[in-house]
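Hey, can you work out the whole structure from these sequences and the hints?
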Amino acid sequence: MSIHILNVSKAFGSVQVLDDVSLVIPPGELVALLGPSGSGKTTLLRIVAGLEVADRGQIMLEGEEQTAEANGKRSVGFVFQHYALFRHMSVLENVAFGLRVRPRRLRPPEGEIRRKVRDLLSLVQMDGLADRLPDQLSGGQRQRVALARALAVEPKVLLLDEPFGSLDARVRKELRRWLRRLHDELHITSLFVTHDQDEALEVADRVAVIHEGRVQQVGTPADVYHHPANSFVYRFLGDVNLFQGRVVDGKVRVGNLALDLPDRPSNGGASAAVYVRPYQLTLHPYPQGELCFRAEVKRINPGGSMVKLGLKSEWGAPVEVELSVERFRDLRVAVGTTVYVSFSREEAVVEQ
Amino acid sequence: MKEMRALAIGSVARPMRLGEKAGVRVALTAAAIGFLMLFLFLPLLAVFGQAFQKGWAAYAAALREPDARAAMQLTLLVTGIVVPMNTIFGLAAAWAISRFTFRGKSALSVLIALPLAVSPVIAGLIFVLLFGQRGVLGPFLAAHDVRIIFAVPGIVLATLFVTFPLVAREVIPIMEAQGKEQEEAAVVLGASGWQTFLRVTLPGIRWGLLYGIVLCAARAMGEFGAVSVVSGHIRGLTNTVPLYVEIVYNEYNFAGAFAVASTLMVVALLTIVLKTIVEWRGRIERTRGSEAGTG
Numbered sequence: 003m004s005i006h007i008l009n010v011s012k013a014f015g016s017v018q019v020l021d022d023v024s025l026v027i028p029p030g031e032l033v034a035l036l037g038p039s040g041s042g043k044t045t046l047l048r049i050v051a052g053l054e055v056a057d058r059g060q061i062m063l064e065g066e067e068q069t070a071e072a073n074g075k076r077s078v079g080f081v082f083q084h085y086a087l088f089r090h091m092s093v094l095e096n097v098a099f100g101l102r103v104r105p106r107r108l109r110p111p112e113g114e115i116r117r118k119v120r121d122l123l124s125l126v127q128m129d130g131l132a133d134r135l136p137d138q139l140s141g142g143q144r145q146r147v148a149l150a151r152a153l154a155v156e157p158k159v160l161l162l163d164e165p166f167g168s169l170d171a172r173v174r175k176e177l178r179r180w181l182r183r184l185h186d187e188l189h190i191t192s193l194f195v196t197h198d199q200d201e202a203l204e205v206a207d208r209v210a211v212i213h214e215g216r217v218q219q220v221g222t223p224a225d226v227y228h229h230p231a232n233s234f235v236y237r238f239l240g241d242v243n244l245f246q247g248r249v250v251d252g253k254v255r256v257g258n259l260a261l262d263l264p265d266r267p268s269n270g271g272a273s274a275a276v277y278v279r280p281y282q283l284t285l286h287p288y289p290q291g292e293l294c295f296r297a298e299v300k301r302i303n304p305g306g307s308m309v310k311l312g313l314k315s316e317w318g319a320p321v322e323v324e325l326s327v328e329r330f331r332d333l334r335v336a337v338g339t340t341v342y343v344s345f346s347r348e349e350a351v352v353e354q
Numbered sequence: 002m003k004e005m006r007a008l009a010i011g012s013v014a015r016p017m018r019l020g021e022k023a024g025v026r027v028a029l030t031a032a033a034i035g036f037l038m039l040f041l042f043l044p045l046l047a048v049f050g051q052a053f054q055k056g057w058a059a060y061a062a063a064l065r066e067p068d069a070r071a072a073m074q075l076t077l078l079v080t081g082i083v084v085p086m087n088t089i090f091g092l093a094a095a096w097a098i099s100r101f102t103f104r105g106k107s108a109l110s111v112l113i114a115l116p117l118a119v120s121p122v123i124a125g126l127i128f129v130l131l132f133g134q135r136g137v138l139g140p141f142l143a144a145h146d147v148r149i150i151f152a153v154p155g156i157v158l159a160t161l162f163v164t165f166p167l168v169a170r171e172v173i174p175i176m177e178a179q180g181k182e183q184e185e186a187a188v189v190l191g192a193s194g195w196q197t198f199l200r201v202t203l204p205g206i207r208w209g210l211l212y213g214i215v216l217c218a219a220r221a222m223g224e225f226g227a228v229s230v231v232s233g234h235i236r237g238l239t240n241t242v243p244l245y246v247e248i249v250y251n252e253y254n255f256a257g258a259f260a261v262a263s264t265l266m267v268v269a270l271l272t273i274v275l276k277t278i279v280e281w282r283g284r285i286e287r288t289r290g291s292e293a294g295t296g
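Chains as they are written, first to last, in our numbering: chain A, 3 to 354; chain B, 2 to 296.
Please note that a few of the clues may not be correct.
Claimed, not checked - Pairs of lysine to any residue residues, derived as SDA-like cross-links and limited to a Cα-Cα distance of at most 20 angstroms, are as follows:
1. A:K300 - A:A275
2. A:K118 - A:E187
3. B:K181 - A:V103
4. B:K181 - B:L77
5. B:K181 - A:G318
6. A:K158 - B:E185
What the hints assert, rightly or not - Which residues of chain A face chain B? A few of them, derived with a C-beta cut under 7 angstroms, are:
7. V103
8. P105
9. L108
10. Y288
By construction, these hints were calculated from the structure, which means they are not laboratory data. Where a beta carbon is used, it is the ideal one built from N, C-alpha and C, also for glycine.
Here's what the structure looks like:
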């Protein structure tokens with residue numbers, strides 16, 4: 003089932019949380035709503051679920067407009083960041099809840115409910131834990147129960163609000179891969195909110211980047227990462243160095259470095275921002291003509307698969323660089339060494 | 002001198018902990034226990050001592066006195082009306098305050114606590130001023146032959162006023178701590194508002210609610226000041242148990258007065274027992290939650 007979000011706006015008091023947001027989620031896709039906290043992504047998800055009402059705009063599930071009243075009848079499953087399991091009910095009763103509250107004529111018989119709960123618990127790898135109370139489970143287990151509970155009502159759409167947000171890093175990674183596999187099995191249209199760009203890029207079919215209540219870009223993980231629509235998306239999807247440059251003779255000058263401007267009317271003397279990712283910077287032991295700037299190594303962090311260097315540029319700004327271990331060995335730099343930094347025009351994003 | 006220095010060094014080397022000095026701890030504990038003995042256990046013993054002063058038969062006879070029975074019946078009637086009403090009000094107020102944001106919410110929270118700040122005698126006077134013969138609504142009520150002051154409705158109103166914060170104030174903090182996520186989860190799963198309340202909200206607040214109800218009942222039975230102003234003290238008609246105790250006491254019938262008073266003491270003791278159970282349950286649920294939270 004597809005989700006159409008059409009021109010949705012929402013304000014809390016004087017704060018405009020969502021500003022004319024439109025987004026289409028095709029059937030069977032897993033889409034991530036990615037944004038910093040306060041960007042409005044959770045509010046959007048709650049509006050789709052019917053937990054909040056939009057000031058303007060429409061939510062259509064499979065082409066059918068959703069009104070404010072039909073809350074529990076939307077056939078959506080919702081997974082909360084803090085699980086929201088019913089604390090006084092066993093795992094079994096939690097998962098069975100959506101079936102038990104149905105009107106009598108729609109309620110499956112007891113045997114069928116139990117069989118279904120058992121199937122779901124084995125789907126989320128929680129067999130044998132049906133009698134536990136939520137408080138007796140680990141965070142990861144609780145979130146899987148929450149997922150089973152949401153799936154029990156056979157929703158057409160699955161909505162997940164920071165589903166791994168309160169788990170520790172290792173469980174988080176494990177569980178998000180598992181969610182991806184589960185989605186490949188079930189193909190249920192899913193929308194999940196996250197502020198973690200790695201999570202969004204790894205799990206989602208497509209990523210919608212949201213900032214200040216507006217959709218900044220929608221695309222595949224590769225699209226948004228390699229072809230960011232604007233500097234916000236670029237900055238948000240990974241670590242980035244910002245260089246303040248000046249526009250001179252149709253080129254941006256950053257220190258000694260001159261970069262061609264994108265083919266836009268250039269304004270002599272205006273300032274421009276140049277963004278480059280740490281791994282896109284190249285270090286040289288000697289100057290490379292006009293195409294580099296000088297910097298001093300201030301800090302070396304060799305932990306991890308890449309070596310991270312903290313530099314201070316010739317004009318005094320901090321610069322972050324990531325190098326492969328081999329390259330780092332070849333360069334033979336130490337704290338205090340002077341190096342020369344260059345990057346290619348293609349990889350940098352220039353914003354006037 | 003040497004010894005003192007050694008002692009000082011020794012105490013520095015030990016890990017610092019609050020209230021470590023044994024003397025202070027013993028003194029504080031003794032003060033607390035002494036205070037409790039003096040103001041709680043001694044009076045309690047005195048009440049039961051006086052009640053049984055003339056033996057079990059006199060005690061039973063004092064309770065069987067027609068006026069005493071009328072007073073107990075009236076107290077039970079008032080409690081039976083007030084407690085359900087304040088339970089419903091308390092739940093509604095707790096729901097509104099913990100689940101919604103609206104204009105005047107903080108004013109409502111303050112107003113709920115108001116009866117605790119107002120002297121019960123003033124509370125009673127408010128109703129006399131409103132419904133008494135010379136009160137604002139007095140002529141209207143007289144014209145329609147409705148009696149509120151010096152009658153049962155006045156006693157009910159005064160008791161309602163005095164006890165209405167008790168349920169709300171027990172339930173609000175629990176509902177705020179519980180948050181609304183579980184209720185939202187229930188609604189998304191298709192539960193109606195009523196199903197959500199019965200199956201999700203109520204089990205979470207049951208112990209606090211129960212304690213609030215018991216507290217409300219105990220206060221409704223024991224209220225003296227407000228009821229005294231509006232009751233008129235008509236024997237066998239508008240005397241509640243506390244009012245009856247005072248009258249009998251003033252007639253120098255100490256054994257009778259304390260016999261009836263002892264029934265209120267039993268209610269008070271039951272309240273304490275229940276409070277202990279509620280806190281014990283609450284602690285179990287909290288520790289269970291925090292243990293699993295680290296997993």
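Quick rundown of the hints versus the structure:
Annotation: proposed proximity of K300 (chain A) to A275 (chain A) is violated, straight-line Cα distance about 24 angstroms (limit 20 angstroms). Of the supplied pair hints, the one linking K118 (chain A) and E187 (chain A) holds, its CA atoms being roughly 17 angstroms apart against a limit of 20 angstroms. A distance of roughly 18 angstroms separates the Cα atoms of K181 (chain B) and V103 (chain A); the hinted pair therefore holds under the 20 angstroms criterion. The suggested pairing of K181 (chain B) with L77 (chain B) is violated, with an alpha-carbon distance near 36 angstroms, which exceeds 20 angstroms.
For a cut-off of 20 angstroms, the pair hint linking K181 (chain B) to G318 (chain A) is broken: about 51 angstroms separates their Cα positions. This hinted pair checks out: K158 (chain A) and E185 (chain B) have alpha carbons roughly 18 angstroms apart, not beyond 20 angstroms. Because the closest C-beta pair between V103 (chain A) and chain B is about 4 angstroms apart, less than 7 angstroms, the hint holds. The interface hint given for P105 (chain A) is violated, since its Cβ lies 9 angstroms from the closest Cβ of chain B, which is over the 7 angstroms cut-off.
Because the smallest distance between the Cβ of L108 (chain A) and any Cβ of chain B comes to about 9 angstroms, over 7 angstroms, the interface hint for this residue is violated. Given the 7 angstroms rule on beta carbons, the hint for Y288 (chain A) is violated: about 54 angstroms separates it from the nearest Cβ of chain B.
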